[in-house]
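Undergrad: Below are the chains, spelled out letter by letter.
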Amino acid sequence: MKSWPYLYNQWYATAWGSEIGRELTRRDLLDEPIVLYRTQGGVVTALSDRCLHHHYPLHRGCLVGDHVECGYHGFTYDPSGRCVRIPGQDHIPEKARLRTYPVVEKWKWIWVWMGDPEKADEALIPNFFWLDDPAWEAVGSSIQLQARHQLLNENLLDLSHVEFVHRGSISSSNLSEHPIETKVEGQKVRISRIMKNIEAAPLFVKTMGLPDRIDRWQVEEFQPPCYHVVHVSAGSPGTRLDDSCQYKVINAIVPERPNRSRYLWSVSRNYRREEKWVSDYLQEAVQRVFMEDVAVCEAQEAMISSLPNPPTEMLAKMDTGVTSARRILAEMKLAESQETSGQSHA
Amino acid sequence: MKSWPYLYNQWYATAWGSEIGRELTRRDLLDEPIVLYRTQGGVVTALSDRCLHHHYPLHRGCLVGDHVECGYHGFTYDPSGRCVRIPGQDHIPEKARLRTYPVVEKWKWIWVWMGDPEKADEALIPNFFWLDDPAWEAVGSSIQLQARHQLLNENLLDLSHVEFVHRGSISSSNLSEHPIETKVEGQKVRISRIMKNIEAAPLFVKTMGLPDRIDRWQVEEFQPPCYHVVHVSAGSPGTRLDDSCQYKVINAIVPERPNRSRYLWSVSRNYRREEKWVSDYLQEAVQRVFMEDVAVCEAQEAMISSLPNPPTEMLAKMDTGVTSARRILAEMKLAESQETSGQSHA
Amino acid sequence: MKSWPYLYNQWYATAWGSEIGRELTRRDLLDEPIVLYRTQGGVVTALSDRCLHHHYPLHRGCLVGDHVECGYHGFTYDPSGRCVRIPGQDHIPEKARLRTYPVVEKWKWIWVWMGDPEKADEALIPNFFWLDDPAWEAVGSSIQLQARHQLLNENLLDLSHVEFVHRGSISSSNLSEHPIETKVEGQKVRISRIMKNIEAAPLFVKTMGLPDRIDRWQVEEFQPPCYHVVHVSAGSPGTRLDDSCQYKVINAIVPERPNRSRYLWSVSRNYRREEKWVSDYLQEAVQRVFMEDVAVCEAQEAMISSLPNPPTEMLAKMDTGVTSARRILAEMKLAESQETSGQSHA
Numbered sequence: 001m002k003s004w005p006y007l008y009n010q011w012y013a014t015a016w017g018s019e020i021g022r023e024l025t026r027r028d029l030l031d032e033p034i035v036l037y038r039t040q041g042g043v044v045t046a047l048s049d050r051c052l053h054h055h056y057p058l059h060r061g062c063l064v065g066d067h068v069e070c071g072y073h074g075f076t077y078d079p080s081g082r083c084v085r086i087p088g089q090d091h092i093p094e095k096a097r098l099r100t101y102p103v104v105e106k107w108k109w110i111w112v113w114m115g116d117p118e119k120a121d122e123a124l125i126p127n128f129f130w131l132d133d134p135a136w137e138a139v140g141s142s143i144q145l146q147a148r149h150q151l152l153n154e155n156l157l158d159l160s161h162v163e164f165v166h167r168g169s170i171s172s173s174n175l176s177e178h179p180i181e182t183k184v185e186g187q188k189v190r191i192s193r194i195m196k197n198i199e200a201a202p203l204f205v206k207t208m209g210l211p212d213r214i215d216r217w218q219v220e221e222f223q224p225p226c227y228h229v230v231h232v233s234a235g236s237p238g239t240r241l242d243d244s245c246q247y248k249v250i251n252a253i254v255p256e257r258p259n260r261s262r263y264l265w266s267v268s269r270n271y272r273r274e275e276k277w278v279s280d281y282l283q284e285a286v287q288r289v290f291m292e293d294v295a296v297c298e299a300q301e302a303m304i305s306s307l308p309n310p311p312t313e314m315l316a317k318m319d320t321g322v323t324s325a326r327r328i329l330a331e332m333k334l335a336e337s338q339e340t341s342g343q344s345h346a
Numbered sequence: 001m002k003s004w005p006y007l008y009n010q011w012y013a014t015a016w017g018s019e020i021g022r023e024l025t026r027r028d029l030l031d032e033p034i035v036l037y038r039t040q041g042g043v044v045t046a047l048s049d050r051c052l053h054h055h056y057p058l059h060r061g062c063l064v065g066d067h068v069e070c071g072y073h074g075f076t077y078d079p080s081g082r083c084v085r086i087p088g089q090d091h092i093p094e095k096a097r098l099r100t101y102p103v104v105e106k107w108k109w110i111w112v113w114m115g116d117p118e119k120a121d122e123a124l125i126p127n128f129f130w131l132d133d134p135a136w137e138a139v140g141s142s143i144q145l146q147a148r149h150q151l152l153n154e155n156l157l158d159l160s161h162v163e164f165v166h167r168g169s170i171s172s173s174n175l176s177e178h179p180i181e182t183k184v185e186g187q188k189v190r191i192s193r194i195m196k197n198i199e200a201a202p203l204f205v206k207t208m209g210l211p212d213r214i215d216r217w218q219v220e221e222f223q224p225p226c227y228h229v230v231h232v233s234a235g236s237p238g239t240r241l242d243d244s245c246q247y248k249v250i251n252a253i254v255p256e257r258p259n260r261s262r263y264l265w266s267v268s269r270n271y272r273r274e275e276k277w278v279s280d281y282l283q284e285a286v287q288r289v290f291m292e293d294v295a296v297c298e299a300q301e302a303m304i305s306s307l308p309n310p311p312t313e314m315l316a317k318m319d320t321g322v323t324s325a326r327r328i329l330a331e332m333k334l335a336e337s338q339e340t341s342g343q344s345h346a
Numbered sequence: 001m002k003s004w005p006y007l008y009n010q011w012y013a014t015a016w017g018s019e020i021g022r023e024l025t026r027r028d029l030l031d032e033p034i035v036l037y038r039t040q041g042g043v044v045t046a047l048s049d050r051c052l053h054h055h056y057p058l059h060r061g062c063l064v065g066d067h068v069e070c071g072y073h074g075f076t077y078d079p080s081g082r083c084v085r086i087p088g089q090d091h092i093p094e095k096a097r098l099r100t101y102p103v104v105e106k107w108k109w110i111w112v113w114m115g116d117p118e119k120a121d122e123a124l125i126p127n128f129f130w131l132d133d134p135a136w137e138a139v140g141s142s143i144q145l146q147a148r149h150q151l152l153n154e155n156l157l158d159l160s161h162v163e164f165v166h167r168g169s170i171s172s173s174n175l176s177e178h179p180i181e182t183k184v185e186g187q188k189v190r191i192s193r194i195m196k197n198i199e200a201a202p203l204f205v206k207t208m209g210l211p212d213r214i215d216r217w218q219v220e221e222f223q224p225p226c227y228h229v230v231h232v233s234a235g236s237p238g239t240r241l242d243d244s245c246q247y248k249v250i251n252a253i254v255p256e257r258p259n260r261s262r263y264l265w266s267v268s269r270n271y272r273r274e275e276k277w278v279s280d281y282l283q284e285a286v287q288r289v290f291m292e293d294v295a296v297c298e299a300q301e302a303m304i305s306s307l308p309n310p311p312t313e314m315l316a317k318m319d320t321g322v323t324s325a326r327r328i329l330a331e332m333k334l335a336e337s338q339e340t341s342g343q344s345h346a
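Line by line, the protein sequences are chains A, B and C.
Take the first sequence: its position 139, counting from 1, is numbered 139 in the numbering used here, and each next residue is one higher.
Take the second sequence: its position 211, counting from 1, is numbered 211 in the numbering used here, and each next residue is one higher.
Take the third sequence: its position 35, counting from 1, is numbered 35 in the numbering used here, and each next residue is one higher.
If we strip away everything but chain A, and leave its shape as in the complex, we get (with noise of 0.2 Å):
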């Protein structure tokens, strides 16, 4: 199996912006320890976790005021990671400075850029206007899956899974019968399935007031390194797309360790925005559907993790999304070493 690469120049979503306040919260990504918390002003920061003294995990110290001090011999950063206080002695070291990452929040969610800051371009968060923008109602959540990130992202690459893994929820009959297009625009990919005069899954019916059948259409956006917009709009038979109940998953599957993510998810409707029950019934029934993916992605990443050498796999039409975003993975990376490697000669 081609594995995904680690691509650092990225900005990485870690959290819901309600995940993080005055606690100190630690997240992992691309291996990394870090701490998050946010400052007296509200401003969210993002340091190592590990104590540059004796490897202490930070984030089990305490903050004073906008500061973070170590929970073991009081050593305390700023949000700028420079060391301010040791305990004992009047000299701190010019070196002594955490590793902090540019982080910035932004459509609800808390961005963290791993690679190097003088890139740490906030243009480059991909556009998901539709977690706070008033037109459109969010519920979502913040899983974390025991399996390598490539897994769901693979998931999210390939519509078919939809009839198998998400039988009696979201899936119809013979939606396989419908052709799933897909197109590769620069670096993004774009896979769309368009059903016309189909049976209307249980979430159609219940939350838009859909008839039993319906058109549906849902058009998927995977945009590197592990963001997915699903835009799903459904109508009766007939009906004008722009006159559809439409709603937006947004999905950021993020790799915190080898064998380890976290998956931070939302649906944005731009219907019965008010209506309170249609959040929670979404809420509830998303999140069950999601855990059908996570538990899918937890057992083959158990196969794969007990088989010393995991055998090729047999791609099939359906992998035109998933080669395709492997492609585009291998030549950012590549690109992304080259860079590197430049820098360093320079």
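Derived by calculation from the structure, the hints in this document are not laboratory data.
Wrong hints could be hidden among the right ones.
Note: identical chains are not told apart, hence a pair may lie in one copy or across any two.
Under the rule of at most 27 Å between Cα atoms (straight-line distance), these lysine-lysine pairs were calculated in the DSS-like manner [stated by the list, open to error]: (1) K106 with K333; (2) K2 with K95; (3) K333 with K317; (4) K95 with K317; (5) K95 with K119; (6) K119 with K108; (7) K108 with K276; (8) K108 with K317.
Since the structure of chain A is provided, determine the placement of chains B and C on it from the hints.
TA: Just chains B and C, lined up with the frame of chain A:
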């Protein structure tokens, strides 16, 4: 410790027939993941549990008629392992074939052949007719243990453990005073101990209605790769062997993983066959006894695994059965390797 | 991080005398499995826990008089490690000897010598007379922790952690303003902090009946390979040291496995010796405090183990004790290695 090799051209008992039905059941054998099920016609089928597509465990999918449908993207396989459906495409490559394993249901057990299918001769299955002969009444179970299969196999090759491990259940004091005779007959090892006028262990008094002192014959036959039949006969002192109460303990201890095994056992008796309380008593009592052996092997496994380099064992007279079996297995492995390398040159 | 080496020619305190009786007790030291028991005469014996026969853990067997009988096949060993019985055979090979460890019961603790038995001089056991001197009253316990022994040893070599880890128990605010003096005396490290007219921590007020402000002397002596005595004295401001209430905290943190240790601690006091509630209070309160240290070390261990290459530590003034101990241990290890290699050439 001289380790038991994996022998491939062998039948492995991996389940009771009653454990395999119209549900997909996962079993591991010699480090290979296998899915077992019964066709509509009742025939047991054994396929690789790893979908060719993305390594998803097939046992998490479902049976469609006699076909296995992968629970992830719907790749579907017939009982011969041939892929008969790839959703979204018409052409199915010729090489899209799961490994299938020769499988036979015999003596109420499911036997899987792990080597060259050409050599899978049903006549090589050990004769365990006591398991389903109406003249015998059988109980038994199926246990997974966290220990390499060598440990429980060698446990059964050395009857002298009975006095120490099974004190209070099937042992009698001073059992070890009765000499053990070990004979090698071809690839089989035969270990016998005849005990005249000994104190009767509780099981004999209880289920056979024997007095406090008995004559007891115990003859064990080991047959590669991992089978043991223990012929136990008992009667009042002076009883002829033909008039004794007899039971056969049939044991299979098959390797699942390097440090994990499956233990199938059965006790078949020729006395009080219709008395259900005797069946219940034996089922419960023998299971308890064998769980004592399982606990021993798991403790041994923990010790061995924790030692970076387990030192040499100090073998004793009582290990004649153990060393004979090790020698036989090593010779068989050598023969198997030569045969296989011969094939690959052909 | 410069790791603490295993030193072999040393006494290791591995249990309270009260923990070892007529049951077989398993302890690990320096990665070696050891079984401990008391003979009928009350003498503590330490043998390898691995039966020579098939690596079965001897502590799962039983004591027959003063002999250890293996619970698997009955190999039996006397307290000198000599095999005295092999069931089924008369001849016992001369080399059938378990490794035995010199062991001494002193100051209520069990001390095991892990190196060359010729060098096991009882006089090398540290003088911890406070543990059983009638002028002192002792409480204490025995804790297993999932962390390398270096971590808790170094915790005790740096008093500055008290203010941060033990806030609200034995700490007082601004403890760190009081200078710590570290002196190396041969192979010992002596760390002292004298605190005049400080706020009294709850433990002092409660058990010593002292006022809210006190004078407190704290002198710690580290002695290789893993022993610490903390001499704590306290009184009303202006009290002479001789008139103070005193307690001694005796600590042994011995390596069991690379990432596992055992912690024996005791608090011996010279005040209110007959008042049981003080003993109960100290037992409970000090255990709670030390569990705070254990939690710190386990979190540190998790961080260190998770880093592929833990970077260099940034040592501070407060680490004088830590670095002195590391240097002393490295010198001792070098001397021990030279000595041993000298022997092997002899």
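Undergrad: Output the indices of the hints that this structure fails to meet, ascending.
TA: 8
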